[in-house]
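Just so you know, the protein sequences line up as chains Z and V, in that order. When the letters of the first sequence are read in order and numbered with our numbering, they come out as residues 1 to 281. When the letters of the second sequence are read in order and numbered with our numbering, they come out as residues 1 to 227.
Treat the hints with care, as some may be off.
Restraint-style ranges between C-beta atoms, simulated for each label pair [to be verified]:
#1 Ser265(Z) <-> Trp114(V): 55 to 61 Å
#2 Ile204(V) <-> Tyr237(Z): 38 to 44 Å
#3 Asp48(Z) <-> Ala49(V): 45 to 51 Å
#4 Gly28(Z) <-> Ile60(V): 26 to 32 Å
#5 Glu178(V) <-> Gly202(Z): 22 to 28 Å
#6 Gly117(Z) <-> Leu179(V): 48 to 54 Å
#7 Gly202(Z) <-> Asn108(V): 26 to 32 Å
Chain Z is faced by these chain V residues, among others (derived, beta-carbon under 10 Å) [said to hold, decoys possible]:
#8 Gly30
#9 Gln95
#10 Phe128
#11 Phe133
#12 Phe143
#13 Gly163
#14 Ser166
#15 Lys214
Hints listed in this document are in silico derivations from the structure and should not be mistaken for laboratory results. Each residue gets a CB set at the ideal place from its N, CA and C atoms; glycine is no exception.
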Amino acid sequence: MHHFLSHLDRRWIFLLMFLAVAIPILTGVYFPVKASPMARSVFKTIDDLPEGSKVLLAFDYDPPSMGELAPMAQAFTRHCALKKHKLYFMTLWPQGPPMIDRSIAVLNKEFPNYKYGEDYVNFGFRPGNEGVIKVVVTNIKELYETDVAGEGLDKIPMTKDIKSVQDLDLIVNVSAGFPGAKEWVQYAASAYKKPMVAGTTGVGAPVLYPYVPDQLTGLLGAIKAAAEYEQTIIEHYPAQKANKDTQEALRRMGPQDFAHLLIISLILVGNWIYFAGRKQG
Amino acid sequence: MKRTIPVLIASVTGFVLVVASFVPVAESWGETAMIWFDILASIAFVIGAGNILKVCLKKISDRREGWGYALVTLIAFLITLYVGLFKIGVNPSEQFADRPWSGDYVANGSAFWWAYQYVYLPLAATMFSMLAFYIASASFRAFRAKNTEALVLLTTAFVVLLGQASFGDSITFFLPAELQFSSITSTIMNVFNLAGNRAIMIGIALGVVSLSLKILLGVDRSYLGSD
């Protein structure tokens, strides 16, 4: 047994990982998720805002991290729309505009009464990384004269009276790295005392924990936190349970759970091989 | 002159931004400086594109190892640039229906959108997904408790992995809530990880202050390169 395992071809491990991910995806199986205090804090921050509050949705991620972050971004968008907040979309990543489009598709499909220009607006992408943040926190129209469609911000009902990000009530950022949540905290939320919540990848979360709870009132790290946030939305808005799209992160927990289980098993087996080999000399 | 002017620009801009942060009257100076920065960042895209062209063409003309990949990069780059720049397949926007180029270059149905959705997106997602297979292989072959430090790392990873899985708490259901995997993971992240990261961040911040001061005063000119 020891000899067999210590000489195991890595392709068997690849096959096991494939099955661990594929079977839960195909069967749709996942374990129940219990919301953590952090996910509840994120939910509460958005939910406690008065109806019609102005929320900046800054989506700084790209297709490689879409699997982890798109359900989070869509859940943020959905929750804000359930609260009838006014949404201002923007991105600092050149690959970001289609990610915004995916969230806008949620509005178009689930909230047909949401009107472009009155309830949501898309600023799109501007190059300059944190330089963009530094400008929009004092004067949005210096950098964004128009929205993505080329309409002047002075002509759009929900932007004509907005001068800067300081006029908005909350910053929601979904980020996969630089520029992202850290820069929004440093140049906007912290500098101008604006409330902010963020969602990030699993590997990106540890460096953002020092900002919680002062600069960030809540942080969602990885797909598990997104699933917890979805669970919290469903608990507070039971009608959403019928909508399968609200359970995207919850569904993705199935493959993640089985993949974690496999990795834990592989670590245990790998160490058993190591110690058994050492014992045999 | 070649070095003095860039040092002067960096120094003046830096001091303007510092003053703008503390003096409200000077806020608009900071805005102007940052808009210049954003314009330069836009130009950097053009320089980057030129650099890709230069590197790939050189590699192809020299027939260096892997020149075929450079050719693929070049063709993909030129096609993407063409369909994006000339807005191939883009319909005019609703607001400016009489202007043929008024639509967004990445609007649904455009050639750029198609390339993004059906070429870039699946390729990028696939590359990232491959990590799962390599992590699985590495966890079997490399993640060994060879010494005390490795054992601590392994135990922490073990707990966090279980804490990040939905079934983690089901395994420890018989224990008090604070001893369940999700609670222990939360403690690891909020105490040990937070303390370590905060210390690193403070260290980095002090380093940034010191380096910024050197750049602003023109003492450190390494950012200008060796020429």
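Quiz item: Quick one: are serine 265(Z) and tryptophan 114(V) within 55 to 61 Å, going by C-beta?
Solution: violated (42 Å)
Practice problem: Would you check whether glycine 163(V) satisfies its interface hint, that is, whether its CB is within less than 10 Å of any CB in chain Z? | Solution: Interface hint status for glycine 163(V): holds (9 Å vs cutoff 10 Å).
Exercise. For the range 38 to 44 Å, tell me whether the beta carbons of isoleucine 204(V) and tyrosine 237(Z) fit it or not.
Key: holds (41 Å)
Quiz item: With a cut-off of 10 Å, does the beta carbon of phenylalanine 128(V) approach a beta carbon of chain Z closely enough for the hint to hold?
Solution: This interface hint holds because 4 Å falls under the 10 Å limit.
Practice problem: Given the range 26 to 32 Å, decide if the beta-carbon distance of glycine 28(Z) to isoleucine 60(V) lies inside it. | Solution: violated (48 Å)
Practice problem: With a cut-off of 10 Å on the beta carbons, see whether glutamine 95(V) makes it to chain Z. | Solution: holds (5 Å)
Quiz prompt | Pairwise beta carbon distance, glycine 117(Z) to leucine 179(V), judged against the given window 48 to 54 Å | solution = holds (53 Å)
Practice problem: Take the C-beta atom of glycine 202(Z) and the C-beta atom of asparagine 108(V), compute their distance, and say whether it sits inside 26 to 32 Å. | Solution: holds (31 Å)
Exercise. Mind checking the CB of serine 166(V) against every CB in chain Z and telling me if the closest is under 10 Å?
Key: This interface hint holds because 4 Å falls under the 10 Å limit.
Practice problem: Let me know if the C-beta of lysine 214(V) comes in closer than 10 Å to any C-beta of chain Z, holds or violated. | Solution: violated (21 Å)
Quiz item: Is 45 to 51 Å right for how far apart the beta carbons of aspartate 48(Z) and alanine 49(V) are?
Solution: Holds, since aspartate 48(Z) and alanine 49(V) (Cβ atoms, about 46 Å apart) stay within the stated range.
Exercise. Grab the minimum C-beta distance from glycine 30(V) to chain Z and call the hint holds if it beats 10 Å, violated otherwise.
Key: holds (7 Å)
Violated hints, in rising order: 1, 4, 15; the structure is consistent with all others.
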